[in-house]
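Trainee: Build the full structure now, drawing on both the sequences and the hints.
First residue of the sequence shown? That's 1 in this note's numbering, and the numbers climb one at a time after it.
Wrong hints could be hidden among the right ones.
As the list claims (entries may be wrong) - The list that follows gives simulated cross-link-like pairs (lysine-lysine, DSS-like), each with its CA atoms no further than 27 Å apart:
{"hint": "1", "residue 1": "K146", "residue 2": "K23"}
{"hint": "2", "residue 1": "K48", "residue 2": "K160"}
{"hint": "3", "residue 1": "K48", "residue 2": "K23"}
{"hint": "4", "residue 1": "K123", "residue 2": "K23"}
{"hint": "5", "residue 1": "K160", "residue 2": "K29"}
{"hint": "6", "residue 1": "K117", "residue 2": "K29"}
{"hint": "7", "residue 1": "K117", "residue 2": "K23"}
{"hint": "8", "residue 1": "K154", "residue 2": "K123"}
{"hint": "9", "residue 1": "K123", "residue 2": "K146"}
{"hint": "10", "residue 1": "K29", "residue 2": "K48"}
{"hint": "11", "residue 1": "K154", "residue 2": "K23"}
{"hint": "12", "residue 1": "K146", "residue 2": "K128"}
{"hint": "13", "residue 1": "K146", "residue 2": "K160"}
{"hint": "14", "residue 1": "K123", "residue 2": "K29"}
{"hint": "15", "residue 1": "K128", "residue 2": "K29"}
{"hint": "16", "residue 1": "K160", "residue 2": "K117"}
{"hint": "17", "residue 1": "K48", "residue 2": "K123"}
{"hint": "18", "residue 1": "K160", "residue 2": "K128"}
{"hint": "19", "residue 1": "K146", "residue 2": "K29"}
{"hint": "20", "residue 1": "K117", "residue 2": "K128"}
{"hint": "21", "residue 1": "K48", "residue 2": "K117"}
{"hint": "22", "residue 1": "K146", "residue 2": "K117"}
{"hint": "23", "residue 1": "K123", "residue 2": "K160"}
{"hint": "24", "residue 1": "K29", "residue 2": "K154"}
Derived from the structure by calculation, the hints contain no laboratory data.
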Amino acid sequence: MVANPICWTIRDLDLMPDDGGWKRYEIIKGELLVARAPHVCHQGAASKLNTRLEVWSEATGLGNSFQTPGVIFTDVDAVIPDLVWASNDRIENGLDNAGHFIAAPELIVEVLSAGEKNEQRDKELKLKLYSLHGVQEYWIVNWRIKEIEIYRRKETRLQKVATLNTMDSLTSPLLPGFDCAIASLFPS
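Mentor: In structure tokens form, the structure reads like this:
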């Protein structure tokens, strides 16, 4: 046990080497988390979902989706989700001068990377973080088994409401009229 563990902050992130996007640096509760660039199928699922959200956003004019944006909740909680969707109001009033979200986007999507630690981070640590900071919906995409877990805010926290597979369609009360066949997000 370390008596005085290092507490990483968003200032420390500015000092990290620029490696051309091969690593993603995040901080949760002051702990530095480093992830490698994801598998191409991981990126493909995120890209397809982003495209469907963006088409819906353009049709409705209600907001926009963004891939791998910076989200800074506090000085010791800063993450880079695979995908977010934010309302126009959140985009207008919830960004800092560098273009990072400083207010929780309404929807955050994480695509699982291989490995028990990666899955635990997304399914437990980030679920708690997003719940604590007011995210309205959280989708966890597992491209390997072609499944999406849906969490929605009920009262004060995010709670699992569904697990969807390739036979299902993805809809959301947060996104009126949005409808996406799960099978269309994953290669056959």
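Trainee: A separate judgement is required for each hint: does it hold in the structure or not?
Mentor: Checked hints:
About 25 Å separates the Cα atoms of K146 and K23, which keeps this hinted pair within 27 Å; it holds. A threshold of 27 Å between alpha carbons decides the hint, and for K48 with K160 the separation of about 23 Å falls inside it, so the pair holds. With a CA separation close to 22 Å, the supplied pair K48 and K23 stays within the 27 Å bound. Among the hinted pairs, K123 with K23 is consistent with the structure: their alpha-carbon atoms are about 20 Å apart, no more than 27 Å.
For the given pair, K160 sits about 23 Å from K29 by alpha-carbon distance, which is consistent with the 27 Å threshold. Proximity of K117 to K29 is assessed by CA-CA distance (about 16 Å); at most 27 Å being required, the pair is judged to hold. Restraint check for K117 and K23: satisfied, since their Cα atoms lie roughly 16 Å apart, inside the 27 Å limit. Taken as a hint, the K154 and K123 pair is honoured in the structure, with Cα atoms around 17 Å apart against an allowance of 27 Å.
Under the criterion of a C-alpha separation no larger than 27 Å, the hint pairing K123 with K146 is consistent with the structure, at around 16 Å. For the hint linking K29 to K48, the alpha-carbon distance of about 31 Å lies beyond 27 Å, and the restraint is violated. As the CA atoms of K154 and K23 are separated by approximately 34 Å, the hinted pair breaks the 27 Å bound. A distance of roughly 24 Å separates the Cα atoms of K146 and K128; the hinted pair therefore holds under the 27 Å criterion.
Proximity of K146 to K160 is assessed by CA-CA distance (about 17 Å); at most 27 Å being required, the pair is judged to hold. Distance restraint check for K123 and K29: the Cα-Cα separation of roughly 16 Å lies within the 27 Å cut-off, and the hinted pair is therefore satisfied. In summary, the hint linking K128 to K29 is supported, as the alpha carbons are separated by about 11 Å, within the 27 Å threshold. The straight-line distance between the Cα atoms of K160 and K117 is roughly 20 Å, inside the 27 Å bound, and the hint therefore holds.
Our distance criterion of 27 Å between C-alpha atoms is met by K48 and K123, whose separation comes to about 21 Å. For the given pair, K160 sits about 12 Å from K128 by alpha-carbon distance, which is consistent with the 27 Å threshold. The hinted pair formed by K146 and K29 fails the criterion: a straight-line CA distance of about 31 Å is larger than 27 Å. Taken as a hint, the K117 and K128 pair is honoured in the structure, with Cα atoms around 15 Å apart against an allowance of 27 Å.
Distance hint between K48 and K117 is fulfilled; the C-alpha atoms sit about 25 Å from each other, no more than 27 Å. About 20 Å separates the Cα atoms of K146 and K117, which keeps this hinted pair within 27 Å; it holds. For the proposed pair K123 and K160, the alpha carbon gap of about 11 Å is at most 27 Å, so the pair holds. Only pairs whose Cα atoms come within 27 Å are accepted, and K29 paired with K154 is accepted, the gap being roughly 24 Å.
Hints 10, 11 and 19 from the list above are not met by this structure, while the remaining hints are.
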